[in-house]
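Number of protein chains: 2
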Amino acid sequence: MKTQEVASSQELFISTAAMLGHWQGHRSLTRRAIEAFPEDKLFSFSIGGMRPFAQMVMEMIEIAGPGVESLATGKWEKVEEFDHTKSMPSTKAGLLELWDKVTKIIDDTWPTISPERFQQLEVAFGQYEGLNYNTLLYFVDNEIHHRGQAYVYLRAMGIEPPFFWER
Amino acid sequence: MKTQEVASSQELFISTAAMLGHWQGHRSLTRRAIEAFPEDKLFSFSIGGMRPFAQMVMEMIEIAGPGVESLATGKWEKVEEFDHTKSMPSTKAGLLELWDKVTKIIDDTWPTISPERFQQLEVAFGQYEGLNYNTLLYFVDNEIHHRGQAYVYLRAMGIEPPFFWER
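Chains A and B supply the protein sequences, listed in that same order.
The opening residue of the first sequence carries number 2 in the working numbering; numbering runs sequentially from there.
The opening residue of the second sequence carries number 2 in the working numbering; numbering runs sequentially from there.
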């Protein structure tokens with residue numbers, strides 16, 4: 002069988018419901034990575050001029066909350082540049098509280114996304130054109146990518162990160 | 002609509018063919034991350050006692066090649082512990098050559114995997130029980146996770162990593 006033939010038949014790899022579980026599993030792990038940071042280091046520790054983990058987390062929050070709502074409605078707000086400095090909480094507890102709010106938004110919104118929406122081509126956040134399933138995968142991949150970086154920050158501080166395989 | 006109802010209906014999030022493209026897109030980016038490393042640093046640079054990137058890449062190679070073949074056949078070899086030291090090439094060119102071999106194995110093997118295989122429960126590598134689509138997602142997530150760490154290594158060395166969004 003050729004790849005092209007498989008493509009045209011749209012055989013299921015993962016369902017929409019399973020994808021929600023996959024995403025929230027990752028978010029649960031990221032939450033534990035946030036918790037593993039000492040309060041001050043969460044907002045200040047950096048290697049090679051990279052952002053502190055809190056700023057990466059704010060990016061994840063600002064992508065995931067509005068992102069899942071736009072996947073449901075098809076209405077994307079134009080985002081020139083994510084500006085986390087205005088809205089970022091100044092404490093770990095505040096950041097976790099925001100994180101948990103987004104977790105609930107995702108759980109509440111996901112079942113309202115009609116499955117065919119994921120196969121539609123849209124311009125996410127007014128500038129990133131792609132099929133919606135790819136846009137969502139990008140949200141998750143971006144989170145895994147930055148959390149992996151947070152693991153290096155933690156190791157560099159002598160702190161053991163949470164087990165990667167525990168979700 | 003409740004999540005449970007969505008689950009039972011197995012609505013498509015991503016197809017098997019699109020998932021191949023998604024995986025190979027990530028592997029293409031990881032290849033460029035390998036290329037970005039100075040030869041010696043690829044095998045030696047470390048932060049916080051973590052493995053040099055070459056060892057992480059060998060793990061990806063040893064998971065992806067045998068992994069995709071086992072997804073096709075259902076036959077998993079028991080792996081106690083991935084031992085990269087025996088089989089790891091000593092040069093960047095050698096590592097990239099192995100990487101490209103696996104790229105071809107994946108492209109050749111993927112179309113032979115019957116789609117329903119991804120929904121089956123198996124014990125990957127003789128010890129990790131899960132639905133096959135989750136096992137494959139784990140391969141990809143593990144690659145993103147470690148490549149994210151390689152980005153910190155590169156930044157710490159003053160080297161600009163490849164753009165994350167280019168696949």
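Hints are computed from structural coordinates only; laboratory data are not their basis.
Small disclaimer: the values here were computed from a predicted structure and weren't measured.
Don't take every hint at face value.
[Said to hold, decoys possible] If you want a taste of the chain B side facing chain A, the calculated C-beta under 7 Å gives, among others: (1) G49; (2) V124; (3) R156.
[Claimed, not checked] Listed next, the stretches of chain B that the computed footprint assigns to chain A, with coverage defined by at least 3 CB atoms under 8 Å from CB atoms of chain A: (4) 55-68; (5) 110-121.
From the three backbone atoms N, C-alpha and C, an ideal C-beta is built for every residue, glycine too.
Status of each hint after checking the structure:
1. The interface hint given for G49/B holds, since its Cβ lies 3 Å from the closest Cβ of chain A, which is under the 7 Å cut-off.
2. Interface restraint check for V124/B: the shortest CB-CB distance to chain A comes to about 14 Å, outside 7 Å, so the restraint is violated.
3. Restraint check, R156/B versus chain A: the minimum CB separation of about 3 Å is within 7 Å; hint holds.
4. Counting residues of the segment 55-68 of chain B whose CB lies closer than 8 Å to any CB of chain A gives 0, so the stated coverage by that chain is violated, three being the minimum.
5. With a cut-off of 8 Å between beta carbons, the segment 110-121 of chain B has 6 residues touching chain A; three or more are needed, and the interface restraint holds.
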